[in-house]
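Trainee: Just need the whole structure built from these sequences, with the hints factored in.
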Amino acid sequence: MSMFRIFDVAGSAVSAQSQRLNVVASNLANADTVAGPDGQAYKARQVVFTTELMGASAAAGVRVTDIVEDDTPGRRVHDPKHPAADEQGYVTYSNVSAVEEMVNMISASRSYQNNIEVMNTARTLLQKTLQMGQ
Amino acid sequence: MIHRLTDALNFQTQALALRSERQRLLAGNIANADTPGFQARDFDFASALRDATAAQRAGVPSPVARAEAQLRWSLPAQTNLDGNTVDMDRERAAFAENALKYDASLRFINGSIRTLQDAMRSHSQG
Chain A
189 MSMFRIFDVA
199 GSAVSAQSQR
209 LNVVASNLAN
219 ADTVAGPDGQ
229 AYKARQVVFT
239 TELMGASAAA
249 GVRVTDIVED
259 DTPGRRVHDP
269 KHPAADEQGY
279 VTYSNVSAVE
289 EMVNMISASR
299 SYQNNIEVMN
309 TARTLLQKTL
319 QMGQ
Chain B
66 MIHRLTDALN
76 FQTQALALRS
86 ERQRLLAGNI
96 ANADTPGFQA
106 RDFDFASALR
116 DATAAQRAGV
126 PSPVARAEAQ
136 LRWSLPAQTN
146 LDGNTVDMDR
156 ERAAFAENAL
166 KYDASLRFIN
176 GSIRTLQDAM
186 RSHSQG
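Same order as they appear, the protein sequences are chains A and B.
The first sequence: position 95 = 283 (our numbering), numbered continuously.
The second sequence: position 3 = 68 (our numbering), numbered continuously.
Everything labelled a hint here was simulated from the structure, so no lab data went into it.
Source: prediction; values computed, not measured.
One or more of the hints may lead you astray.
Which chain A residues face chain B? A few, computed with CB under 8 Å, are given here [said to hold, decoys possible]:
#, residue
1, S299
2, A310
3, G321
Pair ranges (Cβ atoms, derived) [what the hints assert, rightly or not]:
#, chain 1, residue 1, chain 2, residue 2, range
4, B, E162, A, T253, 30 to 38 Å
5, A, A219, B, L146, 24 to 32 Å
6, A, R263, B, E162, 43 to 51 Å
7, B, E162, A, S297, 19 to 27 Å
8, B, L136, A, S214, 35 to 43 Å
9, B, L146, A, I294, 52 to 60 Å
Every residue, glycine too, gets a C-beta built ideally from N, C-alpha and C.
Mentor: This is the structure:
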């Protein structure tokens, strides 16, 4: 019964999207982190989605295969009074772009909703199938 | 002799199996809406059903295998920089349409079953 596979497929997508939301939350939380003593500020993270074939048939789920760090240099602000300022008086903040992360969050939440709806539809159809002939 | 009774159900059964196959395929497309490089797939339901019923007459009853042989890549209406070809609007519409038609096939089957049951009942009462 291939309908049952829908739960695996949509479930994998929901799990992947929630992982993406998790990373967005971590990025947004660290949007204003300054560089520590090692001079390295928090780097924005992004998830990498890959298609995962489920079983021998054509069912295609999703999986997060990697979480990559954004290597662009962090934001530098001139603030000599700041305790974390370097010799030139610059403070290095994390390279998180709040706008990008918000867009990412909305996209993840929409995809999450879509997949939940897919599961709900599959559930209704399966329920009706189980009641066949009654 | 008994297979005469179920012959009427066979067509809708094939349709139902193909509908559930397509539903799963569309679920996979929706799940991969954000996967870079993913190519959306679908099949032509009418020709798959035609093939399946023809194959059944020849004695090879596996509509799902027929559908998998007919998988096509869908062409995106708007190209995407990451190579993903899932058109969410189209997939959602196809998903809703397919769910409705799955439901319709179920109703047809239920109707046939009820007709058969009625035929049997009236005989025993008469």
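Trainee: Which earlier hints turn out false for this structure, listed by number in ascending order?
Mentor: Hint 9 is the one this structure does not satisfy, whereas the remaining hints hold.
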